[in-house]
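Asker: Protein sequence lines, in the order shown, are assigned to chains A and B.
Just so we're aligned, residue 76 is where the first sequence starts under this note's numbering, counting upward by one.
Just so we're aligned, residue 376 is where the second sequence starts under this note's numbering, counting upward by one.
Please keep in mind that the hints were generated in silico from the structure rather than gathered at the bench.
Warning: the hint list may mix true and false statements.
[What the hints assert, rightly or not] Heads up, simulated BS3-like pairs for lysine-lysine below, C-alpha to C-alpha not over 27 Å straight-line:
#, chain 1, residue 1, chain 2, residue 2
1, B, 467, B, 442
2, A, 344, A, 139
3, A, 101, A, 233
4, B, 467, A, 139
5, B, 467, B, 485
6, B, 442, A, 139
Read off the chains here:
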Amino acid sequence: MIIAVASGKGGTGKTTVTAALASVWKRPVLAVDLDVEEPNLHLFLRPESVNTEPVYLEIPVVDKTLCQRCGACAELCQFKAISLLGTTLLTFPEMCHGCGGCMRICPNGAIQKGQRELGAVESGLSQGRIPCLTGRLRIGEAMSPPLMNQVRQRMRTKAQQEELDILIDAPPGVSCPAMTAVQDADVILLVTEPTPFGLHDFRLAIRAFQPLGKPMGVVINRAGLGDDRVQTFCRENGLPVLTEIPFRRDIAQHYACGGVLTLLDAGLKASFEELAESLERMAQGEVPHA
Amino acid sequence: MVIASLTRIAVTSEGPTLSDPVDPRFGRAGGFVVVDLQSMATTYVDNGSSQVLAQGAGIQAAENLVKAGAQALLTGHVGPKAWAALEAVGVKVVQGVESMTVGEAVAKFKAGQFAFSDAPSH
Numbered sequence: 076m077i078i079a080v081a082s083g084k085g086g087t088g089k090t091t092v093t094a095a096l097a098s099v100w101k102r103p104v105l106a107v108d109l110d111v112e113e114p115n116l117h118l119f120l121r122p123e124s125v126n127t128e129p130v131y132l133e134i135p136v137v138d139k140t141l142c143q144r145c146g147a148c149a150e151l152c153q154f155k156a157i158s159l160l161g162t163t164l165l166t167f168p169e170m171c172h173g174c175g176g177c178m179r180i181c182p183n184g185a186i187q188k189g190q191r192e193l194g195a196v197e198s199g200l201s202q203g204r205i206p207c208l209t210g211r212l213r214i215g216e217a218m219s220p221p222l223m224n225q226v227r228q229r230m231r232t233k234a235q236q237e238e239l240d241i242l243i244d245a246p247p248g249v250s251c252p253a254m255t256a257v258q259d260a261d262v263i264l265l266v267t268e269p270t271p272f273g274l275h276d277f278r279l280a281i282r283a284f285q286p287l288g289k290p291m292g293v294v295i296n297r298a299g300l301g302d303d304r305v306q307t308f309c310r311e312n313g314l315p316v317l318t319e320i321p322f323r324r325d326i327a328q329h330y331a332c333g334g335v336l337t338l339l340d341a342g343l344k345a346s347f348e349e350l351a352e353s354l355e356r357m358a359q360g361e362v363p364h365a
Numbered sequence: 376m377v378i379a380s381l382t383r384i385a386v387t388s389e390g391p392t393l394s395d396p397v398d399p400r401f402g403r404a405g406g407f408v409v410v411d412l413q414s415m416a417t418t419y420v421d422n423g424s425s426q427v428l429a430q431g432a433g434i435q436a437a438e439n440l441v442k443a444g445a446q447a448l449l450t451g452h453v454g455p456k457a458w459a460a461l462e463a464v465g466v467k468v469v470q471g472v473e474s475m476t477v478g479e480a481v482a483k484f485k486a487g488q489f490a491f492s493d494a495p496s497h
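Can you make the complete structure from the sequences, with help from the hints?
Answerer: Spelled out as structure tokens, the structure:
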């Protein structure tokens with residue numbers, strides 16, 4: 076079972092919820108931080124014995140003695156990573172998405188595989204029982220999905236081999252990184268807050284994720300702040316609010332010290348245990364009441 | 376400084392004629408007015424194929440420019456990748472051209488009031 080914790084707006088509490096869920100998850104679970112531009116799940120789960128593996132993307136390297144300047148590669152590339160200007164062939168390795176199409180289409184075998192470093196995949200173990208995977212984008216790298224895809228590949232392999240459920244901490248927003256992060260999920264758990272910005276970005280997230288046809292549940296963080304428009308929106312759109320995290324100073328303090336919410340008090344622990352059970356039922360096809 | 380051998384220059388433009396305003400953007404320019412400096416005949420190259428790209432607009436615009444046979448470019452700003460492309464094929468670039476019509480830019484160029492850039496502007 077794979078749960079992706081996502082949101083439209085940043086800073087709504089995705090990582091807080093992911094860490095808390097990981098700590099009460101009943102079966103063995105792999106915690107994955109797919110917010111590779113600024114991973115932070117490790118600040119709460121504090122994995123140990125972290126192994127760092129650099130990962131690369133295959134990019135074109137053109138052998139200009141073999142190249143006949145036919146332009147097939149430049150025409151194929153949708154990202155302008157290869158450009159034919161007159162008889163001058165140029166490559167822009169930082170633009171490459173790594174599809175490998177240029178290497179296949181070249182009739183002269185003039186394009187070899189080079190490498191661009193995307194960043195690193197870090198794996199470790201939290202509290203001696205929760206395996207953690209994190210992608211960390213290289214500073215200066217413009218695209219996060221290629222690195223995310225490498226993390227996803229390792230995540231799926233590990234979960235399959237060791238029979239683990241997966242909890243994914245997704246990046247914010249509704250563009251390619253957010254869509255990439257929820258691809259594998261059986262259930263998308265959206266974290267929002269009852270503020271005008273929270274509602275605005277929540278609606279964007281619903282619109283972005285709805286076409287995927289996956290079950291979606293909602294956590295309202297900082298409940299009691301703002302107004303009840305998020306709740307009304309959820310009710311009107313058949314989105315089940317699975318739990319609410321109250322807007323409390325001690326929660327913010329605990330979070331700021333890197334504390335996992337379930338360790339703060341028994342009430343929070345119980346509500347996350349309930350949330351975990353609801354997610355499990357949703358993954359099995361049960362539709363909770365909105 | 377006008378190089379005598381230059382005959383075709385391109386100006387990034389918001390429209391097809393010499394009286395249209397210069398578009399200070401290169402990659403996302405509306406189009407290019409290509410001017411034959413001897414006859415002053417103009418042709419317009421639409422740059423819509425660059426404007427729609429999610430990335431690589433500057434490189435696509437450089438391709439469009441090279442296809443049009445331009446030997447020099449007058450524009451506002453050229454980014455680093457477009458610069459690399461233009462430099463590789465020897466297209467000379469004047470930057471900082473804005474807030475004037477295409478015709479005014481061409482006149483200033485012919486009068487030697489512009490200097491070619493030696494680096495991208497951002």
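Asker: Compare the structure with each hint and give your call.
Answerer: Results for each hint:
Our distance criterion of 27 Å between C-alpha atoms is met by residue 467/B and residue 442/B, whose separation comes to about 15 Å. A distance of roughly 63 Å separates the Cα atoms of residue 344/A and residue 139/A; the hinted pair therefore is violated under the 27 Å criterion. Of the pairs offered as hints, the one joining residue 101/A and residue 233/A holds, with about 18 Å between alpha carbons and a cut-off of 27 Å not exceeded. Of the pairs offered as hints, the one joining residue 467/B and residue 139/A holds, with about 24 Å between alpha carbons and a cut-off of 27 Å not exceeded.
This hinted pair checks out: residue 467/B and residue 485/B have alpha carbons roughly 14 Å apart, not beyond 27 Å. For a cut-off of 27 Å, the pair hint linking residue 442/B to residue 139/A stands: about 21 Å separates their Cα positions.
Against the hints set out earlier in the document, a violation occurs for number 2 only.
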